[in-house]
Amino acid sequence: MADVMMPHLGVSVTEGTLSTWLKQVGDSVEVGEPICEVSTDKVDTEIESTTAGVLSEQLFAEGDTVPVGVPLARVAGADEADDAAPAAETEPAVRENEPPMPEKSSATEPPGATGTGSEGHASADENPADAALVRMPQMGVSVTEGTLSTWLKQVGDTVEVGEPICEVSTDKVDTEIESTAEGVVLEHRYAEGDDVPVGEPLALVGTPGTSGRVPDGGAPVSRAGAAPSSVSSAPSGQPPRPTPPATRPGAPAELRPGPFDHNAALADMLARAAGDDRVMASPAARALAVDLEVDLSEVRGSGSGGHVTRDDVREHKAGHRVPEPARPAAAPAAAAKPDEVGPSGPPAGYEDVPHEVVPTSRIRRVTAEHMSRSRRTAAHMTTEVDVDLGLLGEVRQEMNRHRADTERSKLSYLPFIARAACAALMEHPDLNATFQTDQLIRWGHVNLGIAVDTPRGLMVPVVHGADRLTVEPLADAIASVAARVRDGKAGPDDFRAGTFTISNPGSVGAVSAPAIINQPQVGILGMPTIVRRPWVVQLADGQETIAIRPIIRLALTFDHRAVDGADATRCLVDVKKRLEAWQAGDYR
Amino acid sequence: MASERVLGYARAINEALAEEMRRDERVWMMGQDIGKMGGVFGLTKGLQEEFGASRVRDTAINETFIVGGAAGAALGGTIPVVELQFADFVLTAADEVFHKLAKWRYMHGQFEMPVVVRLPSGVVGGAGAEHSQSLETLGMHIAGLKVAVPATPADAKGLLKSAIRDPNPVLFFEHKGLYRAKGPVPEDPELVVPFGVANVARQGRGMTVVATGLMVGRALEAADRLSEDGIDLEVVDPRTLVPLDIDTIVASVEKTHRLLIVHEAPRTAGFGAEIAQQVQERAFFALDAPVWRVAGTDTPLPQDPELEQMCIPSVDDIVEAARALAAV
Amino acid sequence: MNSADLIELYRTVVTIRFAELRIREHVEAEGFGGFWHPGIGQEGVQAGAVAAMRSDDYLYYAHRGLGYAIAKGMDMAVLFGDLLGRSTGSTGGKGGGTVHFADQSRGVLGQGGTLGSNFVMGAGTATASQLLGDGRVTVVFFGDGAAGRGTWHEAALQASVWKLPVVWVCENNGWALSARFTDQSPTPNIADRAPAYGMPGVIVDGQDPIAVHDATSEAIGRARSGEGPTLIEAKTLRIRGHYEGDRQPYREDKVADDEIPNDPVHRLGEQVDDDTRRQIDAEAREKVAAAFDEALAAPRADPSVIFEAVWA
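Residue numbers (the working numbering), protein chains in the order written: chain R, 1 to 588; chain U, 589 to 916; chain H, 917 to 1228.
Pulled out of the complex, with its shape left as it was, chain R reads as follows (with noise of 0.2 Å):
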């Protein structure tokens, strides 16, 4: 036995007027059937079964009032009879995703008037805001902290919305953090040389004389405005926020009701752990590393952020030296681990190899923990297709010489392959995606990665809305958001929110482009160095022949999880086909 209740009908709507009965008892009923009209002041509306079975009970006539959240029917379910009478009749007059419980207050309170809090909005609206905190805004996905290098405005100063308020410097960037209140600067939360972790507060600006009750003065965003929202409402389909890290020793604790990623979480204390000089491993290694009289300073570590696992400390007593030990757990072993030399010195056996320690930079550690993560993420697989590029090499060497007369710089291979492959993901949305396991969201457009190889180390900044582009206007906004990285002045935006991925190896020689996915990205587009190669071409008169083409081996690699192969593939081929097929005039 199960009752079809009273729905909620709208945000005010506490009952309904019981109108007309379409199901009569001893009517069978399917769940999403309507069984009953209700009418209310806002609305009139047919209410649907939400359960299977036999009407056996209407609990209201027509023209009864009904409160929101009572039962209006009873309905007995097919399997009714296997129940234990008894066992019917005690359980519960709930179920999951129904509102059913009496509040204790419904004696006093209508149903439905409790809890929603409405005084709570009142007063945060009613309340202005006297004092700010201005906040360490989210400067790139992978980006967790800055360290602040200079306070722009010092305590006193008066401060506009949008006016630099401090620098601070990323692994990647260095930019000025923008202030999101207007007053005056009240106080200064970090001092210069400390990090500070995205959404902490950097400082509090106000009135002069406010202080004690702080309204925020707004979210953690960067400077291009909101981060980018999330389409789902399902628990998982929120995007996971960096967990921050503790806060600096000596300020006072912050109270963070946020929701807690796992993976950032356990990243951070990695990454804790590899900034220090001791040899890291896990308890476990170090019980067993005593038990086999093994000098931990001794035996690399493979396990994540490089620390000495109890296959680590078994494989060094048994004088193996293998890179990636299999670990239970671990499904796709991780491949992506920094091949560093350990804090404490050479490994075991290189002691007298001449030898440099070079300790690694910040942005190393990043991309290390960033790699393996993405491999033990995603289910990582590559598909090739070899494309001739003879037509659109005359295609380009057209557009070049176009170029060459108004004083335009070259244009490579790369704007007419990010093109193709932007066009060809419109095609193909699943690639252009990140996938969360109930759900996949696809973007609407193509904000492409382009990895580039800096002095610092490999940065991808973005190029947003790539696929509106047309070939010339894409080369300009790679080659300047390239240039904005190689100087140092690209800005947090430059790196947010990229959905699909170009990694280039061909620019230093590869001739085979496997790359390691950009999470939460689905897919990432490998371009390897064009080779000349003798190619069978068929000719005019259909006959085949080998001439000299222009060839290049285009890798997709793809999330497994999120697309199949034959998918991934189309979506390659595509991008092969508008290669091939580029006739002078298209896509421009």
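Any given hint could turn out to be false.
Only part of the chain H face toward chain U is listed, based on derived beta-carbon distances under 8 Å [unchecked claim]:
#1 Gly1013
#2 Thr1014
#3 Ala1018
#4 Leu1031
#5 Gly1064
#6 Gly1066
#7 Leu1093
#8 Ala1225
#9 Trp1227
#10 Ala1228
I should point out that these hints are in silico values taken from the structure, not numbers from a laboratory.
Ideal placement from N, C-alpha and C gives every residue a C-beta, glycine not left out.
Following the hints, complete the assembly by docking chains U and H onto the known chain R.
Just chains U and H now, kept in the frame of chain R:
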């Protein structure tokens, strides 16, 4: 020979109450709407008919009396089993629970306090911030109270019978979301589930997951999903938090070398923190990875049923955290 | 009340008085690990009401003094042991200062440190008696201050609805720590609240032990015969501060010890012949002194007591 039948969690509790009242005339019950109505969740249906209005008493809305009166009635030689309509109302009788039940024997160096407080607990779908909490950790922090958190019909029945026979006060947290859950329950009326004995709900070698109440089922579902990825979870349900069978948990961690604790209650200072600490005190050198928690948000629970579900661990959350922890 | 009962009542009252004085002497001379809440001047309520109880009736006492337990027949050496933190105390030495003491065999069921706990506990114990049909009555003492607790309402309501065998005895001494009763009550009497719960509200002179006895006796009779609870308000007076050493800066009408208005000891003593009275006084003084010395001589509790009686 005890045979097994399939019974609902709510029905199993009802059966335990009836059997214990038949067994011992000193056992009686009081609470709001438990008599004629049989309780807002129907847990006490039929009991007033069988045992009379004197032994199954409807009270006014007066939680301090329901609990404090039970304490006094225990001193007067009876065994009260009282129901608070929602576990959250334990806070409206906090003095009676945490001072009278927990400390009377200690303060006076004498007396037994055989009282069971039944507490419909946890998220059930839109009951709101004051009718949905998981407050079991409170019972761990103040000495003198036993705490049961059954996850299955058989445990609900067996633990309740143990609770009624215990000379100490017991906070009995029934999960509202499990009332309709069904499972095998032995027919033997002498079946009791002893306190302080954890149930290994699933054997595994890759990682220990400790969960209670509604979270046990979610952990088992997560385990099924993760087994496809080669991550082999062992799910341990302590069944009672006071006393806590830390030995079984530690033995499991010594086998799997990884520990994930799942609770519906908010993350901060939940029982997960206590278990994590006890494990690292006893088995630090068995750990391959940090002890990890999947828990409710550090927020009140919103009334909206969808938002509410986002505040407590889902199967996905457990899968995600277990994957991350397995990869450390 | 016959003369033998009257003499026994006098013996109880005067014993309580000597106990009060002996404890104060100790507190002033030795200092003390906790707070002693003196009950001097209120002996008439405590002794008078308890004298109306059967030995197996249940008692929940209030925090001011030891008179209730002395009247209920608890061993004074044990009581002083609780007060002084001695292993011979009924709590095994966990007490000290403001005391929890109990004697299951005499129905002395203890006290909650959060005032007002006794209301719900007492109603519960009376429920047990009603269920078991054991014929016992529960008497709950409380002060005018504790009557402000919500537990009073919850317990009084249920006790009347269920016609529980319980008697509520309020010692209205006019003060709740620094709060004057008249400042915290909308009506002049606690007894005025009884009609709301459908029970008799009786006001008696708390300085008259016989009047208190008679009122309590009638109420216990009602309770035992199933007619439900009664609220007795005994008007008395707080002589000392909230605790011994409280200088009562909040209070202008301080009372000196030697001028206790309507001193119950004197009022009752006047009804006992001089020789008997002198003899009782001497015996009581000696008994108190001996019990106190016995308690002082007893060992303090072993620290292991900390871990005892947490669990049954």
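Legend entry - Numbers of unmet hints, in rising order: Structure breaks hints 1, 2, 4, 5, 7.
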